[in-house]
Amino acid sequence: MGDNLQQITSVYNFNPGPAILPRPVLEQVQAELLDYHSTGLSILEASHRGQEYEEINQQAEERLKRLLGVGDDYRVLFVQGGASQQFGMIPMNFLAEGTVADYIVTGSWSEKALEEASKIGRTHVAASTKDSGYRRVPTTVQLELSPDPAYV
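Heads up: the sequence shown begins at 1 in the UniProt record's numbering, then just goes up one per residue.
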């Protein structure tokens, strides 16, 4: 099985979605795929309520908090879903009633984010580069921010 990994030619991936992983990570996953930490189970077979999963989840939360400098008085919520899901989650959490969210529209992804946020609350386009085919990013001087936006 290890020989197959050696035959893989590394590529560059600039697509959205899963990223290219470092070879040591792939090798560790490969080694533990059939027998995770000598449990006799593949991690793919382990219960999401079991001790193995809980340890992985706890370790991931601790590492992410350390990486981001998040204190112990906060928790990390891991949710499933793609990049588009956050377009609704951000305004649901940060766009309070009576406030406005400013958006800088520089392409299809920010257009989608603006559209989703507009369903939830008040939005304002602080700048857009649609007229130039989204081939540039506006300068800070070109931004027309709201007086007190909930977020930009």
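Calculated from the structure, these hints are not laboratory results.
Take these hints with a grain of salt, some might be off.
Ranges of calculated distance between the beta carbons of each label pair, as one might list FRET restraints [to be verified]: (1) 18 x 47: 16 to 26 angstroms; (2) 137 x 99: 44 to 54 angstroms; (3) 33 x 133: 41 to 51 angstroms; (4) 11 x 74: 29 to 39 angstroms; (5) 39 x 152: 40 to 50 angstroms; (6) 67 x 10: 22 to 32 angstroms; (7) 139 x 33: 43 to 53 angstroms; (8) 18 x 111: 18 to 28 angstroms.
Everything numeric in this text was worked out from a predicted model, so none of it was measured.
Even for Gly, the Cβ is constructed at its ideal location relative to N, Cα and C.
Status of the hints after comparison with the structure:
1. 18 x 47: 16 to 26 angstroms: Holds, at about 24 angstroms.
2. 137 x 99: 44 to 54 angstroms: Violated, since residue 137 and residue 99 (Cβ atoms, about 25 angstroms apart) do not stay within the stated range.
3. 33 x 133: 41 to 51 angstroms: Because 45 angstroms falls inside the window, the suggested range holds.
4. 11 x 74: 29 to 39 angstroms: Given about 37 angstroms between the Cβ atoms, the range holds.
5. 39 x 152: 40 to 50 angstroms: Given a distance of about 47 angstroms, which is inside 40 to 50 angstroms, the answer is holds.
6. 67 x 10: 22 to 32 angstroms: For residue 67 and residue 10 the Cβ distance comes to about 25 angstroms; the hint holds.
7. 139 x 33: 43 to 53 angstroms: 49 angstroms, holds
8. 18 x 111: 18 to 28 angstroms: At 24 angstroms between Cβs, range holds.
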